[in-house]
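Q: Use these hints to put chain W onto chain G, whose structure you have.
These are the residues of each chain, in order.
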Amino acid sequence: MIDIRISNCNKSYGSLRVLKDINLEIERGEFIVLLGPSGCGKSTLLHIVAGLDRLSSGEIEIGGRDVTDVEPKDRDIAMVFQSYALYPTMSVRSNMEFGLRMRGKPLSEIRPLVEEKARMLHIDHLLDRRPSQLSGGQRQRVAIGRALVRDPKVFLFDEPLSNLDAKLRASMRTEIKKLHLTLGTTAIYVTHDQLEAMTLATRMVVMKAGEIQQVGKPEEVYHRPVNLFVADFLGNPGMNFMKGHLRIDGGHVVADVGAATIPLDGYAFATPPADGQAVVVGLRPESVQPATGGEAFVLTLKPTLTEHTGSDNLVVLAMGGEEIVGKFPTETLPKLGEPVTVSFDLGRLSVFDAETERRI
Amino acid sequence: MPASTQVTPQATRSGWLTPRRRKAILTRGVLYLLLVIIALFFAGPLYILLSTSFKTMPEIQSGGLMTLPHEPTVQPWVTAWGEACIGITCGGLKGYFGNSMVMTIPAVLISVMIGAINGYALAKWPFPGARFVFAALVAGNFVPFQVVLAPVAVTLRTLGLFGSVEGLILIHVIYGIPITTMLFRNFFLSVPNDLIKAARIDGAGFFWIFFRIVLPLSPSVIVVALILQFTGIWNDFLFAVSFSNPSSAPMTVALNNLVNSNFGVKEYNVHMAATVIAAAPTLILYILLGRYFLRGMTAGAVKG
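Top line first, the protein sequences correspond to chains G and W.
Residue numbers 0 to 359, in numbering that gives the first Met the number 0, belong to the letters of the first sequence in order.
Residue numbers 0 to 303, in numbering that gives the first Met the number 0, belong to the letters of the second sequence in order.
So here's chain G without its partners, still in its complex pose (with noise of 0.2 Å):
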């Protein structure tokens, strides 16, 4: 069942087009993620499918009621600021209660409510304090819990972690993530962090200058970008990039990347090759292993750096006038200058067309 349905959306100012022709379907139940860098359009999105923006033109239903003209409060959701916009006057209760006293419920209603929430939430015991007596992780509990109670029909991040320390932004993701499969609602989560969108997603969007790149599952976009955009915008290092042509040699068809010749028989083209097409081969550090013996396909490279990150090593390996940078285990760690032997995992890798940087 379709929740929520963006039609035909555009947004200017002036004559700055902010949105270009957006057009979403969001099934109930889905957690989507808004990806893109800083300026695309994400938060924009956002805060017209709150109706706290008005669209240019085009249309946006909650819940099967078109609510183009709807005013935010109208629209049943709840939103989660990236300030966590507490009011600071007054208390954590106050604040949670705030919203549906405005709807003119009984105290005696809101009250268990509020305190269900706030235990689920591990703030029962911080309701009388006031915002400025709590830490960032504290307020921002506090600002999904004010969401919470108001059990709406979707919820609207955006970049609620983004003032939050790296520790306890992952924790904080963990428990959105595990908020979500409790009570399934539907939410769209604007974010620029990668991280954040790969693991929570059910569905990622991938936004760049007002226009959607990609829709689809967190793996999929991650494997299977459409575009040059999305597949550097993705992964962190990012994937390789080897230029190049293609050739077709009597029913096979090769990438010649200058330093190495890649096999693509196992390649599944989204559009005929042709034989000379100007492409760029993509592939993930990941992808680029230690040989162990067996591998399909095999380089021999010299390493030009190696980094430690804890979990991995990070090599970058010259390949031609070119670098590129393979992901190896912590076991592994080649000396600098003395080449070592790396396998491609073919199975992944993505060709895009130079001119179109389409993935074909």
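Hints were generated in silico from the structure; no laboratory data involved.
One thing to keep in mind: the hints can contain errors.
Pairs of lysine-lysine, BS3-like flavour, derived with a Cα cap of 30 Å [what the hints assert, rightly or not]:
{"no.": "1", "chain 1": "G", "residue 1": "19", "chain 2": "W", "residue 2": "123"}
{"no.": "2", "chain 1": "G", "residue 1": "104", "chain 2": "W", "residue 2": "265"}
{"no.": "3", "chain 1": "G", "residue 1": "242", "chain 2": "G", "residue 2": "152"}
{"no.": "4", "chain 1": "G", "residue 1": "19", "chain 2": "G", "residue 2": "216"}
{"no.": "5", "chain 1": "G", "residue 1": "116", "chain 2": "G", "residue 2": "177"}
{"no.": "6", "chain 1": "G", "residue 1": "152", "chain 2": "G", "residue 2": "207"}
{"no.": "7", "chain 1": "G", "residue 1": "152", "chain 2": "W", "residue 2": "123"}
{"no.": "8", "chain 1": "G", "residue 1": "104", "chain 2": "G", "residue 2": "177"}
{"no.": "9", "chain 1": "G", "residue 1": "216", "chain 2": "G", "residue 2": "242"}
{"no.": "10", "chain 1": "G", "residue 1": "207", "chain 2": "G", "residue 2": "19"}
{"no.": "11", "chain 1": "G", "residue 1": "104", "chain 2": "G", "residue 2": "72"}
{"no.": "12", "chain 1": "G", "residue 1": "72", "chain 2": "W", "residue 2": "123"}
A: Positioned in the frame of chain G, the structure of chain W alone reads:
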């Protein structure tokens, strides 16, 4: 312990009479001297005002402006408050003090309230033309009041409010709105927009957000606006002298009439007491609210 008797290099450097230390003391000294001179400059007239108001007329006539009263008396205060002749009535200032209160309190409250709502709308609910409205209001701050005397007189006469306290209230409210609006608008710009958005999603409307969320964040700017408006309206002479009649005249006009009276001996002690009475409300307001200063009210609303 031998170790404790050693003089470490740090101790020498932070010692009492190093050149750097001496220079710091000198700078401090000059600073305090200047502050004392400035304080005397402002406190001097107040001292003369207060000491003269407790002297008897013979003592004033015998000279000695700076001396303390030999035989302190409160008679000048009693006279100024209840007996001094202003114009043709001899009831002292008390009636005019009342006029001033009846005029100032509503004018201050209304102009601060309207300014707060204006400022909130301009800062947080941008509408087409908001910038122009704000620019026009700011320009309103620069209109010299002498320029508007004649048009205001005609307007008040047309409304039937000429010479009344209500007329003065109306004029003070209108000419107070530009400055209060500007004050509040500039303050409200610093209130995070996310708070307004969160409240809108929670279901609060324009006025709910104003009263429940924005105003509780703003005690400091409210106090500034109150003090500014109270002082300005209480001390106003131009509008008061132009648009009041003897029964509605505020303190400033009465004080002027008392001091500039041409009959009999000039009773300086009474004049001084009357002046202090006229200045008292603004002084008291400063003493009560001037220290009222709240910082960090938005702490906790945003990243901290």
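Q: List in ascending order the numbers of the hints, as given earlier, that are violated by the structure.
A: The structure breaks hints 2, 3; every other hint is satisfied.
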